[in-house]
Amino acid sequence: MAFKRGQLMVKGQFNKLLERISTESKTEEQLVGDLEELKALITQTGGLPLGIKKDEMVKIIRRKKAAGFWPVPVEYAYQAVIRELAYQQSPNTEKDEANPL
1 MAFKRGQLMV
11 KGQFNKLLER
21 ISTESKTEEQ
31 LVGDLEELKA
41 LITQTGGLPL
51 GIKKDEMVKI
61 IRRKKAAGFW
71 PVPVEYAYQA
81 VIRELAYQQS
91 PNTEKDEANP
101 L
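In this note's numbering, the protein residues as written are 1 to 101.
Some hints here could point you the wrong way.
With a straight-line Cα cutoff of 25 Å, these simulated DSS-like cross-link-like pairs (lysine-lysine) come out [said to hold, decoys possible]:
id : residue 1 : residue 2
1  : Lys11     : Lys54
2  : Lys59     : Lys11
3  : Lys59     : Lys16
4  : Lys4      : Lys53
5  : Lys16     : Lys95
6  : Lys53     : Lys65
7  : Lys65     : Lys4
Keep in mind that the hints were calculated from the coordinates and are not lab data.
Predicted model only: the values in this text are computed from it and were never measured.
Sequences are here, hints too, so could you generate the full structure?
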């Protein structure tokens, strides 16, 4: 039960941040800041909480991107979020000694 309560709290933080990205953030600095905050939250929680899917999150962010204003630094921050999420979902830190590549 404590795990579920913790996940609900984290989900609330994610939802609040995604809502802010999609509605309130208008300038480059705000967008980059929110995406960096999202990346930090993903790192802190070790991925996405229960109830939030990667596809859902990507759709919300891409909807904002399709709305028009999306400078290069914002794209870099978005790509960093996607990379961090991929790493958290599959960290694969083991080295394959047999494969030299």
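Verification of the supplied hints:
1. Lys11 <-> Lys54: It holds: about 13 Å lies between the C-alpha atoms, which stays within 25 Å.
2. Lys59 <-> Lys11: holds, 17 Å
3. Lys59 <-> Lys16: holds, 16 Å
4. Lys4 <-> Lys53: holds, 16 Å
5. Lys16 <-> Lys95: Measuring from Cα to Cα gives roughly 38 Å; hence the hint is violated.
6. Lys53 <-> Lys65: holds, 19 Å
7. Lys65 <-> Lys4: Not satisfied, since the Cα-Cα distance of roughly 32 Å exceeds 25 Å.
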